[in-house]
Amino acid sequence: MADGVKITGIPTMEELKATPGLVSDQRFEKSAVAVIECVQEIPCNPCEKACPFGAIIVGSPITNLPVIDEDKCTGCGVCLAQCPGLAIFRVEKNYTDSTSMVEFPFEYLPLPQEGDTVPCGGRNGQYLTEGKVLKVKKTKQMDGTTLVSVEVPKQYFMDVRTICRKGGSK
Amino acid sequence: MSTCGAEDHVFVCRCEEITKEEIAAAIADGATTVRGIKVRTEAGMGLCQGRGCRKIIQQMLSQSGARPAAEVLPSTTRTPVRTAKISEFINEEDD
Amino acid sequence: MTRTADVAIVGGGVNGCSIAYRLAKAGKKVVLCEKGDFAAGATGSCDQMVILQSKNPGIHLKLALDSAELFQTLAQELDYDIEYFRHGGMITIENEMEMDVMTDFVAKQKKIGLEVDIISREEASKRQRGLGEHLLGCTYSAQDGHVNPFKLNMGFAQAAKKAGAELLIDAEVTDFKMAGGKVVGIKTAKGDVDAETVVLAAGAWSPLLGQKLGMKLPIKPRRGQIIVSQPCAPYIVGDILSAQYIVAKYHPETLLNAKSRGIQLGVGLAISQTARGGILIGATREFVDYDVSNTREGIREILKNAARLMPGLKNLNIIRVMGGVRPYTPDGLPLVGCVKGMDGLFMAAGHEGDGIALSAVTGKIVAGLICEGKAYTDVSALDPNRFELFAK
Amino acid sequence: MRKVQAVIVGGGPAGLAASIEIAKAGGKVVVIDENGKPGGQLFKQIHKFFGSREHRAGVRGYDIGTQLLKETEDLGVEVLLDAPVYGLFRDPAGIMVSYMKDGREQAIIGEKVILATGAAENALVFPGSTLPGVMGAGCAQTMINVNRVLPGQKVIMVGSGNVGLIVSYQLIQAGAEVLALVEAAPSIGGYGVHAGKIRRAGTPIYVGHTIKRVLGKTQVEKVELVALDEKFQEIPGTEKMLEADTVCIAVGLTPLTELAWLAGCEFTFIPLLGGHIPIHNEDMETTVPGLYVAGDIAGAEEASTAMEEGRLSGIAAAEALQLYTAEEAKALKAEVWDRMNALRTGPFGQKRYDAKAQLLATAKGGK
Amino acid sequence: MRVVKHPILPEDTKPEMTIFFDGKEIPAKAGEPIASALLASGVRIFRETAKKGYPRGIFCGIGRCTDCVMTVDGQPNVRTCVTPVRQGMKVETQKGLGRWSEKA
Chain A
1 MADGVKITGI PTMEELKATP GLVSDQRFEK SAVAVIECVQ EIPCNPCEKA CPFGAIIVGS
61 PITNLPVIDE DKCTGCGVCL AQCPGLAIFR VEKNYTDSTS MVEFPFEYLP LPQEGDTVPC
121 GGRNGQYLTE GKVLKVKKTK QMDGTTLVSV EVPKQYFMDV RTICRKGGSK
Chain B
171 MSTCGAEDHV FVCRCEEITK EEIAAAIADG ATTVRGIKVR TEAGMGLCQG RGCRKIIQQM
231 LSQSGARPAA EVLPSTTRTP VRTAKISEFI NEEDD
Chain C
266 MTRTADVAIV GGGVNGCSIA YRLAKAGKKV VLCEKGDFAA GATGSCDQMV ILQSKNPGIH
326 LKLALDSAEL FQTLAQELDY DIEYFRHGGM ITIENEMEMD VMTDFVAKQK KIGLEVDIIS
386 REEASKRQRG LGEHLLGCTY SAQDGHVNPF KLNMGFAQAA KKAGAELLID AEVTDFKMAG
446 GKVVGIKTAK GDVDAETVVL AAGAWSPLLG QKLGMKLPIK PRRGQIIVSQ PCAPYIVGDI
506 LSAQYIVAKY HPETLLNAKS RGIQLGVGLA ISQTARGGIL IGATREFVDY DVSNTREGIR
566 EILKNAARLM PGLKNLNIIR VMGGVRPYTP DGLPLVGCVK GMDGLFMAAG HEGDGIALSA
626 VTGKIVAGLI CEGKAYTDVS ALDPNRFELF AK
Chain D
658 MRKVQAVIVG GGPAGLAASI EIAKAGGKVV VIDENGKPGG QLFKQIHKFF GSREHRAGVR
718 GYDIGTQLLK ETEDLGVEVL LDAPVYGLFR DPAGIMVSYM KDGREQAIIG EKVILATGAA
778 ENALVFPGST LPGVMGAGCA QTMINVNRVL PGQKVIMVGS GNVGLIVSYQ LIQAGAEVLA
838 LVEAAPSIGG YGVHAGKIRR AGTPIYVGHT IKRVLGKTQV EKVELVALDE KFQEIPGTEK
898 MLEADTVCIA VGLTPLTELA WLAGCEFTFI PLLGGHIPIH NEDMETTVPG LYVAGDIAGA
958 EEASTAMEEG RLSGIAAAEA LQLYTAEEAK ALKAEVWDRM NALRTGPFGQ KRYDAKAQLL
1018 ATAKGGK
Chain E
1025 MRVVKHPILP EDTKPEMTIF FDGKEIPAKA GEPIASALLA SGVRIFRETA KKGYPRGIFC
1085 GIGRCTDCVM TVDGQPNVRT CVTPVRQGMK VETQKGLGRW SEKA
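Residue numbers (this note's numbering), protein chains in the order written: chain A, 1 to 170; chain B, 171 to 265; chain C, 266 to 657; chain D, 658 to 1024; chain E, 1025 to 1128.
There may be inaccurate statements among the hints.
[To be verified] DSS-like, lysine-lysine: derived pairs with alpha carbons at most 27 Å apart:
#1 C:Lys427 - C:Lys300
#2 D:Lys681 - D:Lys660
#3 E:Lys1075 - D:Lys879
#4 B:Lys255 - C:Lys569
#5 E:Lys1114 - D:Lys758
#6 B:Lys190 - D:Lys874
#7 B:Lys190 - C:Lys427
#8 A:Lys137 - A:Lys154
#9 D:Lys727 - A:Lys140
[What the hints assert, rightly or not] Have a look at the derived ranges for each label pair, beta carbon to beta carbon:
#10 E:Thr1037 - D:Lys758: 23 to 31 Å
#11 B:Ala239 - D:Asn998: 26 to 34 Å
#12 D:Leu1017 - C:Thr269: 44 to 52 Å
#13 B:Ala240 - C:Glu398: 52 to 60 Å
#14 D:Glu939 - E:Gly1047: 56 to 64 Å
#15 C:Val502 - D:Leu929: 48 to 56 Å
#16 A:Ala18 - B:Ala240: 34 to 42 Å
#17 D:Asp995 - C:Ala454: 47 to 55 Å
#18 D:Gln979 - C:Gln529: 36 to 44 Å
#19 A:Tyr127 - D:Leu929: 35 to 43 Å
#20 D:Asn998 - E:Gly1055: 38 to 46 Å
Calculated from the structure, these hints are not laboratory results. The C-beta atom is built at its ideal place from N, Cα and C for all residues, glycine as well.
Hey, can you work out the whole structure from these sequences and the hints?
Put into structure tokens, the structure is as follows:
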């Protein structure tokens, strides 16, 4: 079975690693950081303007893939709600010794409550693990896009990307 | 309750209920244009005036080899491109 | 590739195909060449009437009566549902002048054998809803009817094929083949056809082809714009014409002083409803060369006219306006017969608004003249040589 | 009869953008639209747009629509609503645009006329495709986002272009379940990030598949999918039956070109842009002098390019009306081209760029 | 079914009204097309075709395909996807070509 974003709609780890939107393994160890899962050259650059620290560069032409500067990125997460593709996530690998924090845009109802335990899913929506909802951010600036952060077992920091929905079976 | 039967048909012209088989038969009879299909089957003569089926018929014609796709034109476009009531035309105000 | 035939026919309209059918049935080897597809010219943009009442008493009406007789059994003969219905027809009369013309017209028609009468407005309203209150009355004939022009054309075409004729579409005739001052065939986009006789049945386009033979045919394209309504439940019972149309057609001199723009555009009411439910509302009669586009003025005048005569139509939605040219001749009669000084050429064109109604009989006449040298009836009035055909 | 400098048919993104440019230049412009609300399809686009940040990327479509409307209002653009245009006719003074309004047929002459009539969704036929519950994806999108009604609960989407992907996502947002998205081609047509959204929501995407048939007594009850080989032939034995009540079709758009045909425009055939397209030059002017096209009618793309094309046609019409000097117009047009070219780069945009270039070459070379 | 709560869109505050579908009262929202009011009440079959009597519903949603036509206040062939509701409007399943009324 062929793989890859063009076939499945899901970028493979190889595709992700080949983009300039993914920071180094070392950077993940340090602190929270943005993970830009944008693997196709589409005409789009709101992420560049969103970043208050100039850590994301698209440049010209605007079809360039966004380049993340892992030193400048503070992991603030402002870019998440600005990406029209909902393709930027915030990950803090070492949230605790055994858990990671993953934050993702979430544009569905009902919204979870802080403290809830929710089924967390991967890029294909399939159930991976239970997670604890840390924060539910919704500001006017984010224009309807809610950011949800969950605490999940550390092994899933590069896998959990959403809360499972009706369609995603446990 | 039995099925109504619609699931057994492939309707190309939804208005006049003309099937894919009937269009194919018209092509086999020599039609090479959308108009030729219309003359033989009445597809495209209904309420929507071919707006729904035109493109499918164009595709069937080009796929049959009757003409290259670029040369399969829609049938002549005529006014009104939107339906209009007769009463709307006969106001006496002459502008 | 060169084909050989007894008869080559130019034009795949309703008359060309009717002729092809009759000739093939009579045992002739026939090749018909059509520049586009069947029913592409006037046949494809006409009203659908096989109406007798509109025909001038004389040869015109006689032929229409004969044609109508043939229509009665034509579906059976062609083994094709041509949707011919004899629902009767009416001609609306709005004023005293029209009443005078129609009274005279009807009297003459009766003598030729048409069952036609003038009925009162009340009687007319019993037959048809929605008529204008101001009408003085109508003529009525039970013999009028209509037919689906597409189906009629295809019915003739399919029957001609079955009888052995070869019908070529996308085969535009580009020139004639000559030998010893005689027409011996045609050149087409799909190859040459050598033939003893070439029948020119190209309707309004015939004069363009005639030019290639140095002929100046008296046929002129005359545009008719016709409006089509949305398909609706049966409403129009038979076929309806206005006396205005008759007056315009046979007494054009009365129009010279007309102030109405509609009358200047030759608008005459012609209403009938198709088997699919669409109501056809005609039509203009305009000389604008081969321009088949629609005009805002034409549409408005047709509809104003229709709504005056039949206010019941006002609430109807229209979905299409057709435009086509019909082959006008100065005396209102087609040109059917051999051409003097142009051996091998046979004319069958110039039916103007009667192409559909006369199609059944046209095939029969042409086949008679070509196969036996004479038609079933005297058609000398249609002889093309009544006109000066060659430019001097 | 009323006569104005410019008449624009269609008040969607292209038409409104064009009207804004002409009004900015000081021209009298009338926009005619058949709908009760202007904005065209913008008001059902509730997702954030792509493109460059300076030009409203990251802003939701309906908000862009609201901004455009405000601009037209501020500039005093006259917008006639509930006014379907039924025909174009020749007139010595310009082009006569005839329409219905307030139960009366009316006409207005534009010295310049811009057609911004948009596009319509392509249909797809299969056994059962006329059963209630089978509908265009755009139709479903209007229902959920504008009318706030779910057309069904369990949906199968056909077509993986951006429309199919976005509407699937929005159906899920509105509370429907999208059971599957099927695509006949061997790969996904639209943006991966759009596909990613519905995958995360649990919707499977079947490339190399199509609908074999839809079953139902009087409306959609079951949908049978089947795999296709590389020649798009069904592979027997691969059928699977899903219980669904709705099928949405998103298999491309066809430009709404009827008025351009009526006007006598010359056409060229470019399948990538939706089929027969009125030939137009760099000013968006067709082969009929004074008649312009903009947006999907000039080749189906998306709202961002439609707005840029609208601007371009508006600037060009203003120039032709002598509201701008050639130099002023040149500078303004260059800005638009820069943005438009940017939207037409990359693996997705390049093909459209090439197709548009081919179109322009056709315009230059005659036929 | 109505989409009452939506993650992106604000609450729908269009005023309510009533229309009649085949004689039965159903709720509608001011300004919405007839088709949308019907779908909201679970009505998906809008007409029966003229030749075969097959059911049809909304298809194109932009007034183009005419598949959704119904008889509205006595007039057949009204495109319900683009015709807004009016208080008290009478909407009927159209059988075939429907019955055409001379009165507006």
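For each hint, the structure was consulted:
1. Between Lys427 of chain C and Lys300 of chain C, the direct Cα distance comes to roughly 21 Å. Compliance with the 27 Å bound is thereby established for this hinted pair.
2. For the given pair, Lys681 of chain D sits about 19 Å from Lys660 of chain D by alpha-carbon distance, which is consistent with the 27 Å threshold.
3. Of the supplied pair hints, the one linking Lys1075 of chain E and Lys879 of chain D holds, its CA atoms being roughly 25 Å apart against a limit of 27 Å.
4. Only pairs whose Cα atoms come within 27 Å are accepted, and Lys255 of chain B paired with Lys569 of chain C is accepted, the gap being roughly 12 Å.
5. A C-alpha spacing of about 24 Å is found between Lys1114 of chain E and Lys758 of chain D, which places the hinted pair at or below 27 Å, so the restraint holds.
6. The hinted pair formed by Lys190 of chain B and Lys874 of chain D meets the criterion: a straight-line CA distance of about 21 Å does not exceed 27 Å.
7. At roughly 25 Å between alpha-carbon atoms, Lys190 of chain B and Lys427 of chain C fall within 27 Å of each other, so this suggested pair holds.
8. In summary, the hint linking Lys137 of chain A to Lys154 of chain A is supported, as the alpha carbons are separated by about 22 Å, within the 27 Å threshold.
9. With a C-alpha separation of about 21 Å, the suggested pair Lys727 of chain D and Lys140 of chain A falls inside the 27 Å cut-off, and the hint holds.
10. Separated by about 29 Å at the C-beta atoms, Thr1037 of chain E and Lys758 of chain D satisfy the suggested range of 23 to 31 Å.
11. Under the hint 26 to 34 Å, the C-beta atoms of Ala239 of chain B and Asn998 of chain D, about 28 Å apart, fit the expected range.
12. Taking the beta carbon of each, Leu1017 of chain D and Thr269 of chain C are about 50 Å apart, inside 44 to 52 Å as hinted.
13. The beta-carbon spacing between Ala240 of chain B and Glu398 of chain C, approximately 55 Å, falls within the hinted interval of 52 to 60 Å.
14. At roughly 59 Å, the beta-carbon separation of Glu939 of chain D and Gly1047 of chain E lies within the given 56 to 64 Å, and the hint holds.
15. For the pair Val502 of chain C and Leu929 of chain D, the beta carbons lie near 52 Å from each other, so the given range of 48 to 56 Å is met.
16. In this structure the hint that Ala18 of chain A and Ala240 of chain B lie 34 to 42 Å apart at CB holds, the actual value being about 40 Å.
17. Restraint check, Asp995 of chain D to Ala454 of chain C: a C-beta distance of roughly 49 Å satisfies the suggested window 47 to 55 Å.
18. A hinted range of 36 to 44 Å holds for the C-beta pair Gln979 of chain D and Gln529 of chain C, which are about 38 Å apart.
19. For the pair Tyr127 of chain A and Leu929 of chain D, the beta carbons lie near 40 Å from each other, so the given range of 35 to 43 Å is met.
20. Checked against the given bound of 38 to 46 Å, the beta carbons of Asn998 of chain D and Gly1055 of chain E, roughly 40 Å apart, stay inside it.
Figure legend: structure checked against the earlier numbered hints; every hint is met.
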